[in-house]
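From first to last, the protein sequence lines stand for chains P and C.
Note that this note's numbering gives residue 1265 to position 179 of the first sequence, counting from 1, and the numbers run on in steps of one.
Note that this note's numbering gives residue 418 to position 251 of the second sequence, counting from 1, and the numbers run on in steps of one.
No lab work stands behind these hints, which were simulated from the structure alone.
To spell it out: a stretch of chain P is covered by chain C in this simulated footprint if at least three of its residues, at any positions, have a beta carbon under 8 Å from a beta carbon of chain C; those stretches are:
#1 1220–1233
#2 1238–1251
#3 1369–1383
#4 1392–1399
With beta-carbon atoms standing in for the labels, derived distance ranges:
#5 P:1161 to C:412: 37 to 43 Å
#6 C:293 to P:1144: 35 to 41 Å
#7 P:1145 to C:217: 53 to 59 Å
To spell it out: a stretch of chain C is covered by chain P in this simulated footprint if at least three of its residues, at any positions, have a beta carbon under 8 Å from a beta carbon of chain P; those stretches are:
#8 402–416
#9 426–436
Ideal Cβ positions, reconstructed from N, Cα and C, are used throughout, including at glycine.
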Amino acid sequence: MLRFVLTRLSLIVPTFLGVTLLTFAMIRLIPGDPILLLFGERSVDDAVYNQMKADLGLDKPILVQYGYYLWDLAQGDFGTSIVTRTPVLSEFLALFPATVELSLTAMTFAVLIGLPAGIVAAVRRNSVFDHTVMGASLTGYSMPIFWWGLLLILLFSVTLGWTPVSGRMAVRYFIEPVTGFVLIDAWLAGEWGAFKSALQHLILPAVALGTIPLAVIARMTRSSMLEVLNDDYIRTARAKGLPPWRVVGLHALRNALIPVITVIGLQVGALLSGAILTETIFSWPGVGKWLIESIRRRDYPVVQGGVLLAASIVMLVNLTVDVMYGLINPRIRKGR
Amino acid sequence: MAADTALAVRHSPAPPHPLVEFWRYFRQNKGALLGLAVIVAMTLTAVFADALAPHPPAEQFRDALLRPPIWQDGGTTRFMLGTDDIGRCMLSRLIHGARVSMVVGVSVIALGLFLGVVLGLLAGFFPGPVDIGIMRLMDTLLALPALLLAIVVVAILGPGLFNAMMAVSVVVLPGFARLTRAAVLTELSKDYVTAARMTGARLPRLMFITVLPNCLAPLIVQATLGFSTAILDTAALGFLGLGAQPPTPEWGTMLSDALQFIQRAWWVVTFPGAAILVTVLAFNLMGDGLRDALDPKLKR
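Same shape as in the complex, but just chain P (with noise of 0.2 Å):
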């Protein structure tokens, strides 16, 4: 078992230094000098743009340069951002909570719909039930999101007036932070008004953000519950009288659900990605707003130490899966 584990640790090690070779490649591949990119919209006089040369290391060889910047990723640094002047990892941090607030949130819709819709389409093969859900599946996993989410703004938020249209509670609550969860924070804190006001804020983009999870879930569900059902052991437990449910429920689902949880965890990076677009929409104050306005800030060391967080999260989540998935399923262990 310490053996699979170290042999995929070893193999995330390339891929992390690939990922960290592009985004230190980027800022350098981004037209014009990147001191005055980090000046911004001022101007700089010829001693401070030399010195500020030697202190980025400018100066030296590129893979020196690189070397340098590794040992700072080592330390923690991730840059500091042109037009706030805090640290990368900080901003970072601060707004992560938001990110996988909505990402949670999402993924339990999509798993509370979409495991149900698939087990009863699997069972009701060729039923109008069956079409019903590949349909509305296979709708979803086609849908743009960020127009999906402004069509849920025009039907729930402007015509019924149900739901506020962006933020994450109204602004006359504050919740101190504990969890970095409002949901959770306002629980804590017993405020109920905050509660319902942030429970409202999360619905809309949570529907968003888990409807191409939920389409996934669903497709993938049925397909690995008709596998499973035609096996040779469920007509066993038929045949000695169990009841349907329990069949279906108890011996075909165990089996049917570990393609089911690695695809929920392959759906990480297609969540980060979706959020990008749903908090842009519902101008959520997460993780993927910021990347986006900071592009349009043109603030590169946030960019370039953004995608770098991001991508390590999403790359340590798959490989946890990967790790679990061993886990649950011996063959897999053995077969490396």
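Once you have looked at the hints, place chain C on chain P.
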């Protein structure tokens, strides 16, 4: 006599032509046929956009700002789907948007497919450093979430439709490279490749004429499904302001222009997105059908 021959031919167990067999499987899938029909319609719209559109896509009719579609109060036959905030005909812009999306899809897939196939062939034919180098690079590209990777590329190149297309090509490239490599590795161990080698076929011939045609089935499926990724991601970049710039009638860019009118004019927000959805759905439907028809593992 002639009838006898015809009978004999009918009974001979000659296998059907691969294309005939393919069509037989493909035809059974109603969704795939529907997808194909929509794609054909979209392509025709794209080709004949100038003739079909009632107005030029960038022409502003100052006397008709934010006109609703024809079936609502205030709608006119002049603008069937209404006008946007500066009086441009929605229908004309949508029709020209089909052209933009089709060009985007074709260029992105052509570039991604070409580079991916070449890299995949190289990785498959040269085990060792070349293979490892290429595949680690592809792993790196795959490790980044699609939109994040596209954003990095656009940050380097600057916003614009052409650069967004480059960025999305980089996003779809690793998939093609991996598929090609895997297919090449399977084919290389087969006898016909050894035979070709024995007869003295050189490397380029082996790569592109002997092996590549036998790897095409998964690539065709992936390319069709890749069309939807290309259209969706380019529209997403346009929506974020990183792709096509106004006044290009690109569907994603049209959506982001329309954002501020969401409370007043539902049509400027609804139609461009619906166009994206229908196109992407059509390619996904057809891709699924192609996979079922081309993948021998699923054939019964």
